[in-house]
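Protein chains in written order, with the numbering used here: chain A, 1 to 374; chain B, 1 to 374.
Bear in mind the hints are in silico, worked out from the structure with no lab data behind them. Since we're looking at a predicted model, the values are computed, not measured. The beta carbon of each residue, even a glycine, is placed where N, CA and C say it ideally should be. Any given hint could be a false lead.
What the hints assert, rightly or not - Just a sample of chain B residues kept apart from chain A, beta carbon distances all over 12 Å, derived: (1) Glu39; (2) Asn42; (3) Ala203; (4) Asn254; (5) Val360.
Said to hold, decoys possible - Taking beta-carbon pairs under 10 Å as the criterion, some of the chain B residues facing chain A (in silico): (6) Glu78; (7) Gln121; (8) Glu123; (9) Val285.
Number of protein chains: 2
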Amino acid sequence: MIRPPARVGDEIDAIDTPALVIDLSALERNLERMASFAERANIRLRPHAKTHKCAMIARKQLARGAVGVCCQKVSEAEAMVAGGVADVLVSYEIVGESKVTRLAALARDAHVSVLADNPDQVEAYGAAAERFDVLLSVFVDLHTGGIGAGVEPGLPAVDLARKIVETSGLRFAGIQAYQGSAQHIRSFGERREVSEAWIAKVAETRDMLKKAGIPCEFVTGAGTGTYAFEGGSGVFNEIQPGSYAVMDVDYGLNLDEKREPVSEFENSLFILSTVMSRNFGGFAVVDAGVKAGNIDQAMPKVWKREGLEYVRASDEHGGIQVAEGMGGNLKTGDRLWLIPGHCDPTINLHDWIVAVRAGVVEAVWPVTARGAVL
Amino acid sequence: MIRPPARVGDEIDAIDTPALVIDLSALERNLERMASFAERANIRLRPHAKTHKCAMIARKQLARGAVGVCCQKVSEAEAMVAGGVADVLVSYEIVGESKVTRLAALARDAHVSVLADNPDQVEAYGAAAERFDVLLSVFVDLHTGGIGAGVEPGLPAVDLARKIVETSGLRFAGIQAYQGSAQHIRSFGERREVSEAWIAKVAETRDMLKKAGIPCEFVTGAGTGTYAFEGGSGVFNEIQPGSYAVMDVDYGLNLDEKREPVSEFENSLFILSTVMSRNFGGFAVVDAGVKAGNIDQAMPKVWKREGLEYVRASDEHGGIQVAEGMGGNLKTGDRLWLIPGHCDPTINLHDWIVAVRAGVVEAVWPVTARGAVL
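With these hints in hand, go ahead and build the complete structure from the sequences.
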């Protein structure tokens, strides 16, 4: 693990770069907005910890009413439980004896849920749960189309749910129905349409389960792009958004009903960078490249500096194009605040999050589950 | 830091996934091929440690004749020196008092070189060197065109070299002339042409320095795509390739003189993954996504399994398209070996490299400088 880029009490000018910096006031406003949405909609909020991987942020979410967190890997769940989270849903299928064993062992210390999309998996979960004398909650994972895990909605889901009900050591918890592909549809109308079609399918499966005598306690899913649709549907009673806490360039491209960029959540996460080279008028080089900010969905964006565009990323450095007449006072050593292109894999690059408020470092948090791929 | 995915002595089937795995025999063949090229060309080999970030691999390179390593960040250099490397070149400009201070302090324990592209920087290096009573070696960084650091070849380079010569605490070491954009030109002929034009410019600057009475001890640069051109030019007397040790999908797209994919170096680096879901004939889902393998230059490629193509990466999972009739025996729990799309940022995601030989884990190396962005 690498040395932290700042100390608590530092002024922001003293933060070494590149560093991942969170604006605490903006973060907390985002957390409160989503919490109050869930409260008004009378649904459970289970934020996805794959975004922040940080137990301290998870605890801020729990303090505002979240019922627990989602994780994407067993090791992520282990890190969250170790960091004080008592209820984790591993929102994916888990395969392989060592991982299933760890999952069941973790259930000695926390409420642990997981997904299934085939009967062998269900048996493996049940055997591990019995070995550790725990009860694992298992959701049927609905396939949303495209390349992804899950079983088809309808009868295949009912069959698998029955298998879960009949397997000792397990508790059938309901349906996981996360439609990842819908989250980044830019047009509000299209995003809503795709979500509503999906919600209708999910409702059908829920009703079929009920008819089959298998009550479906929870219907869970949704992300930052569609949470309002699932959350307001009456079908979903739990939502799993992650990016809303910090936002990024990619989510900022989604449009709202008025065809304006979505605005209910603020950019609270930044890559703080320093200008390394400024020998040519038309561009500058900063010390943040691909290893400081993932570019798979979008390039980072320069925050509140007109005429500066992050156009090129090498592994360790970034190229900033300077519009004509706009770079007059930009010089080596200057700081630029970058909005990450894609928040989840960007946070996963960093060992530390520097949390600032009113220009002062208030906390330096370890990214508890950084690199937790197992 | 996350638990290691394997133990020394494990069979490869026991490696937990996703894991970064190195085939030691292939790695060592790559290291030997580059070392013997440098020996034949009578030039120095200074491999770039930004690729592997692993002190143990650096030591294998040193054992085969490398004079030291390149690093891209001060923290990377610190990690390499702590791991036993006695000669490091930070192949970029360094800006900011805290980093320049650390650089000079590091020179108490190792031979440290760094680049400059402006006179203020040179003064800062000199002041820090005097404070720590060390001698810093400084290269003039030549700008290669495009968006990047450096000074223009020719007179601007000579002026800056003179400044270095005149600054106490510093030693003028020569010219850094790394042309990053040439490395990935697919056509051999075009790659050579672009490299040769660049080499001619570098030679001109070297000759101007000589005329100005400033002997240029080293001309250093080149990467895995162009090392043979610079290395055989008589102009460069040091090369800095990194990726050759492990290779990746992107470098595998470069063509040789016969218009065949380059073949002097082997894929020694893999992302070992497991099939998580196999409910649909046309595709499978594996447990390695963007957080296990960077996709900024190319998608990972399935190793030695015909009809399987890695076509979609979510943050934690990968979608494998299965060609018709080719997926018959592919099932949940099966292992797929993936060639990383882009080696440097992929290694930087992992805390551990599992080193295997003849089907057995021989070492589990920490990625010493993982996350070393400062």
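Do the hints match the structure? See the list:
The beta carbon of Glu39 of chain B is kept farther than 12 Å from every beta carbon of chain A, the shortest such distance being approximately 28 Å. Separation of Asn42 of chain B from chain A is adequate, the least Cβ-Cβ distance of about 30 Å exceeding the 12 Å criterion. Non-interface call for Ala203 of chain B relative to chain A: holds, since the shortest CB-CB distance, roughly 22 Å, exceeds 12 Å. With a least CB separation of 18 Å from chain A, Asn254 of chain B remains clear of the 12 Å interface cut-off, as annotated.
Its beta-carbon lying about 18 Å from the closest one in chain A, Val360 of chain B satisfies the requirement of being farther than 12 Å from that chain. Nearest Cβ of chain A to the Cβ of Glu78 of chain B: about 9 Å, under the 10 Å cut. The hint holds. At about 7 Å, the closest approach between the beta carbon of Gln121 of chain B and any beta carbon in chain A falls short of 10 Å, and the interface hint on this residue holds. Given hint, Glu123 of chain B at the interface with chain A, is violated; its Cβ is 12 Å from that chain's nearest Cβ, farther than 10 Å.
With a least beta-carbon distance of about 5 Å to chain A, the hint placing Val285 of chain B at the interface is held under the 10 Å criterion.
Going through the hint list in order, the structure does not satisfy hint 8, though it satisfies all others.
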